[in-house]
Amino acid sequence: MGEPIRKVDLHGLMREDAIKRIEKELAGTDSGTYRIELIHGFHSGTSLKDMIREEYAYDPRIKRVAPGDNMGITVLVLRDF
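Take the sequence shown: its letters are residues 860 to 940, numbered as in my numbering.
If you are wondering where the hints come from, they were derived from the structure by calculation, not from laboratory data.
Heads up, some of the hints might be wrong.
[Claimed, not checked] DSS-like cross-link-like pairs, simulated, lysine-lysine; straight-line CA separation at most 27 Å:
#1 K883 to K866
#2 K866 to K879
#3 K879 to K922
Start from the sequences and build out the full structure, keeping to the hints where you can.
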């Protein structure tokens, strides 16, 4: 079984590269994974945060997009714990 919480560092990635990294992570999940924490940063990471919310808000694989423990993290909730 996979990790219940996966963490993905997106610092320094452009939009297209961040999407590829997120898609790779989503493809590698199994029933043991219930959330993916996307670490995009705060000061220069807001464009990635906006992209994540735009791209994945209505994705059928994602139950919901939620804020993380701090402003530099966005969480893709795949299923409830």
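Now for the hints, and whether the structure bears them out:
1. As the CA atoms of K883 and K866 are separated by approximately 13 Å, the hinted pair is consistent with the 27 Å bound.
2. A hinted pair counts as satisfied when its Cα atoms are at most 27 Å apart, and K866 with K879 qualifies at roughly 15 Å.
3. In summary, the hint linking K879 to K922 is supported, as the alpha carbons are separated by about 20 Å, within the 27 Å threshold.
Hint compliance for this structure: no hint is broken.
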